[in-house]
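From first to last, the protein sequence lines stand for chains R and F.
Converting from the first sequence to our numbering requires adding 23 to each position, the first position being numbered 1.
Converting from the second sequence to our numbering requires adding 3 to each position, the first position being numbered 1.
Among the clues, some could well be false.
If the Cβ cut is set under 8 angstroms, some of the chain R residues that face chain F in the computed set are [what the hints assert, rightly or not]: (1) I33; (2) P142; (3) T143; (4) V203; (5) N204; (6) E205; (7) K206; (8) T208; (9) R315; (10) I384; (11) P388; (12) N392; (13) K399; (14) H403.
Heads up, simulated EDC-like pairs for lysine to aspartate or glutamate below, C-alpha to C-alpha not over 20 angstroms straight-line [said to hold, decoys possible]: (15) R:K319 with F:D64; (16) R:K319 with F:E82; (17) R:K327 with F:D62; (18) F:K154 with R:E32; (19) R:K342 with F:D186; (20) F:K116 with F:E82; (21) R:K334 with F:D66; (22) F:K92 with R:D323; (23) R:K281 with F:D63; (24) R:K334 with F:D64; (25) F:K92 with R:E32.
What the hints contain is simulated information worked out from the structure, not anything from laboratory work.
C-beta atoms are modelled at their ideal positions from N, C-alpha and C, and glycine is treated no differently.
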Amino acid sequence: MKNSSNTIEIISGNEACAMAALAAGMRFYAGYPITPSSEIAEYLSSRLPQYGGVFIQMEDEIASIGAIIGASLTGVKAMTATSGPGFSLMQENIGYALMAEIPCVIVNVMRGGPSTGLPTLPSQGDVMQARWGTHGDHQIIALTPNSVRESYDMTIRAFNLSELYRTPVILLLDEIIGHVNEKMTIPAAEEYTIHQRPRPASTENYLPYKITPSGVPPMADFGTGLRYHVTGLAHDETGFPTNNPDKIQELLLRLDRKITQNSDDIIEVEEYLLEDAEIAFVAYGSAARSSRHTIKLLRDSGIKAGMLRLKTLWPFAEKQIAHYSGHIKTWFVPELNLGQIAHEVEWAVRGRVPVFKFNKINGEPINPNELHQFVKETLHV
Amino acid sequence: MSFRYEVRLSGEGGQGLVLAGKILAEAAAIYDNLNATQSQSYGPEARGGASRSEVIISDDDIDYPKAVNIDLLLALTQESFDRYSTDVKPGGIVIVDEEVVKQAVPGNFRLLKIPVTQLAREKAGRALVANIVALGIIAGISKIVSENALKMAIGARVPRGTEELNNKAFQIGLDEARRLIKDKIIEKPGK
Numbered sequence: 024m025k026n027s028s029n030t031i032e033i034i035s036g037n038e039a040c041a042m043a044a045l046a047a048g049m050r051f052y053a054g055y056p057i058t059p060s061s062e063i064a065e066y067l068s069s070r071l072p073q074y075g076g077v078f079i080q081m082e083d084e085i086a087s088i089g090a091i092i093g094a095s096l097t098g099v100k101a102m103t104a105t106s107g108p109g110f111s112l113m114q115e116n117i118g119y120a121l122m123a124e125i126p127c128v129i130v131n132v133m134r135g136g137p138s139t140g141l142p143t144l145p146s147q148g149d150v151m152q153a154r155w156g157t158h159g160d161h162q163i164i165a166l167t168p169n170s171v172r173e174s175y176d177m178t179i180r181a182f183n184l185s186e187l188y189r190t191p192v193i194l195l196l197d198e199i200i201g202h203v204n205e206k207m208t209i210p211a212a213e214e215y216t217i218h219q220r221p222r223p224a225s226t227e228n229y230l231p232y233k234i235t236p237s238g239v240p241p242m243a244d245f246g247t248g249l250r251y252h253v254t255g256l257a258h259d260e261t262g263f264p265t266n267n268p269d270k271i272q273e274l275l276l277r278l279d280r281k282i283t284q285n286s287d288d289i290i291e292v293e294e295y296l297l298e299d300a301e302i303a304f305v306a307y308g309s310a311a312r313s314s315r316h317t318i319k320l321l322r323d324s325g326i327k328a329g330m331l332r333l334k335t336l337w338p339f340a341e342k343q344i345a346h347y348s349g350h351i352k353t354w355f356v357p358e359l360n361l362g363q364i365a366h367e368v369e370w371a372v373r374g375r376v377p378v379f380k381f382n383k384i385n386g387e388p389i390n391p392n393e394l395h396q397f398v399k400e401t402l403h404v
Numbered sequence: 004m005s006f007r008y009e010v011r012l013s014g015e016g017g018q019g020l021v022l023a024g025k026i027l028a029e030a031a032a033i034y035d036n037l038n039a040t041q042s043q044s045y046g047p048e049a050r051g052g053a054s055r056s057e058v059i060i061s062d063d064d065i066d067y068p069k070a071v072n073i074d075l076l077l078a079l080t081q082e083s084f085d086r087y088s089t090d091v092k093p094g095g096i097v098i099v100d101e102e103v104v105k106q107a108v109p110g111n112f113r114l115l116k117i118p119v120t121q122l123a124r125e126k127a128g129r130a131l132v133a134n135i136v137a138l139g140i141i142a143g144i145s146k147i148v149s150e151n152a153l154k155m156a157i158g159a160r161v162p163r164g165t166e167e168l169n170n171k172a173f174q175i176g177l178d179e180a181r182r183l184i185k186d187k188i189i190e191k192p193g194k
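Please construct the entire structure, taking both the sequences and the accompanying hints into account.
Right, here's the structure in full:
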């Protein structure tokens, strides 16, 4: 496995994620290995030091996310990778990173749960945990690649969004996407753009949580001269805690606004054969691969099917789903969970057209033949 | 018209099926310049437990990376034969290790009973290389990947110092395939 540009390789989604993290400039990784994410740590443990970065195997996942938050405060791009049980442990500090606005990337390669569940088998059971796993009102960004190539591209995008909006970004792979090996041309550095967090232009009157039009305050690197207070408590522009209701409201609305007012930039979907489609899937991750094969089977039997594929899972593509509802007569939402995103789709559709769930939670992928059968039975054709 | 060829290699953990799948995918995708995906399903155990590795080979984009209608199944345990032979498409090929798969119930597929592990043990000297013997058989009876591509993929993937052993295992598999074709147990593969 080389990392020179434009070589063709057969690599897994996990390996692509690790390679892309290096390309994005990630130079600090702290993690605790867990199936099915371990290949990310394995790859980085040997490669990251060669890039002058730091790899630490921590004592657990709580410490891992603590370490990457600390590293990021010093100005380094930092990341951790885990699976369901470790993701649960990280929730409190994800909230801390949101509140203190510390960029970092958390990769969760989803396996079956709850608890230790199914270590080696696929699931999409953590999509709501990604949304609401940490407490309090907050916006979150979560991306869901559906191929090895997308694991690469979306890892870079996760770092970019994290830096641009000073927020933790969650990359949700499922076990199938993490472990599948696919042919991929490693992109050259000039094929993608790398963003850096906004930094203060001068050291005069630095306010670490200054209210700016973009909602994103410039961030000074710890250890470079500017001292400031970082806390998970509600704080004012100086970074010190406050109980002033106006300041509290101002902070929480700014944190909300910096994501919601940029949702058009953050939300990406793939519109696949939707122009003439009468029925369509809303799918993400490996379920979107199953759907794509099913669309071929459906079209072969004369049913005009398409897909709205969620590349950004959170914030949710409500506008896009609403736009197609009507033109699309029936939505189908196949997921490796009991319908976590289907409820979001129903909410976006607001009863205008029917939404059918197709769910699998037994550790097996969604077989396109059974999804095909389900759609035909549902439509009575 | 594009083609999609599905291979499932099944047995138990530790038999090298994931590695064999990866070699097959690399042979097709890198050395034969086709498209290929490889995926696996196994239990939490390091050894033992059901294990399967799937390779999809196509000249087009591969939408679903797992097997749907299997063209070729390798079953190295009775359990894997019992579980997976029904997923093979009509006219597909099922290779069983006849030493361990005692009850290979015939179905709507071509059944090949081959002592894969025994060949590895007795002719190559190590039962460990049964996975590579199997790749030789697959290369010989299907034309889905070229012999040369597989040879290069094996050389690039196996641990250093074991190239000779693995090349020998591959050749044993190829010879076995030639014997099956010569004895008219299976027809010579078309292009």
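Here's how the hints hold up against the structure:
1. Annotation: I33 (chain R) was flagged as interfacial toward chain F, and the flag holds, the nearest CB pair being 5 angstroms apart, inside 8 angstroms.
2. Taking 8 angstroms as the C-beta cut-off, the interface hint given for P142 (chain R) holds, the closest approach to chain F being about 5 angstroms.
3. Below 8 angstroms, beta-carbon pairs count as interface contacts, and T143 (chain R) has one with chain F at about 6 angstroms; its hint therefore holds.
4. With a least beta-carbon distance of about 5 angstroms to chain F, the hint placing V203 (chain R) at the interface is held under the 8 angstroms criterion.
5. Here the hint on N204 (chain R) is kept, as its CB sits about 4 angstroms from the closest CB of chain F, short of 8 angstroms.
6. Of the supplied interface hints, the one on E205 (chain R) holds, with its beta-carbon coming within about 5 angstroms of a beta-carbon of chain F, less than 8 angstroms.
7. Here the hint on K206 (chain R) is kept, as its CB sits about 4 angstroms from the closest CB of chain F, short of 8 angstroms.
8. Checking T208 (chain R) against chain F by beta carbon gives a least distance of about 11 angstroms; that is not within 8 angstroms, so the hint is violated.
9. Using the Cβ-Cβ criterion of 8 angstroms, the hint placing R315 (chain R) at the interface with chain F is satisfied: the shortest such distance is roughly 4 angstroms.
10. For I384 (chain R), the shortest C-beta to C-beta distance to chain F is roughly 16 angstroms, which exceeds 8 angstroms, and the interface hint is violated.
11. For the restraint placing P388 (chain R) at the interface with chain F, the shortest Cβ-Cβ distance is roughly 5 angstroms, inside the 8 angstroms limit, so the hint holds.
12. The interface hint given for N392 (chain R) is met, as the beta carbon of that residue sits about 6 angstroms from the closest beta carbon of chain F, less than 8 angstroms.
13. Here the hint on K399 (chain R) is broken, as its CB sits about 16 angstroms from the closest CB of chain F, past 8 angstroms.
14. For H403 (chain R), the interface hint is violated, since its Cβ never comes within 8 angstroms of a Cβ in chain F; the closest pair sits about 24 angstroms apart.
15. About 13 angstroms separates the Cα atoms of K319 (chain R) and D64 (chain F), which keeps this hinted pair within 20 angstroms; it holds.
16. About 32 angstroms separates the Cα atoms of K319 (chain R) and E82 (chain F), which puts this hinted pair outside 20 angstroms; it is violated.
17. Between the alpha carbons of K327 (chain R) and D62 (chain F) the distance comes to roughly 25 angstroms, so the proposed pair goes past 20 angstroms and is violated.
18. Distance check on the hinted pair: K154 (chain F) and E32 (chain R) sit about 17 angstroms apart at the alpha-carbon level, within 20 angstroms; holds.
19. Of the supplied pair hints, the one linking K342 (chain R) and D186 (chain F) is violated, its CA atoms being roughly 65 angstroms apart against a limit of 20 angstroms.
20. The suggested pairing of K116 (chain F) with E82 (chain F) holds, with an alpha-carbon distance near 15 angstroms, which does not exceed 20 angstroms.
21. As the CA atoms of K334 (chain R) and D66 (chain F) are separated by approximately 16 angstroms, the hinted pair is consistent with the 20 angstroms bound.
22. With a C-alpha separation of about 19 angstroms, the suggested pairing of K92 (chain F) with D323 (chain R) holds against the 20 angstroms cut-off.
23. Our distance criterion of 20 angstroms between C-alpha atoms is broken by K281 (chain R) and D63 (chain F), whose separation comes to about 42 angstroms.
24. A threshold of 20 angstroms between alpha carbons decides the hint, and for K334 (chain R) with D64 (chain F) the separation of about 19 angstroms falls inside it, so the pair holds.
25. Our distance criterion of 20 angstroms between C-alpha atoms is broken by K92 (chain F) and E32 (chain R), whose separation comes to about 30 angstroms.
Hints 8, 10, 13, 14, 16, 17, 19, 23, 25 from the earlier list are contradicted by this structure; the remaining hints agree with it.
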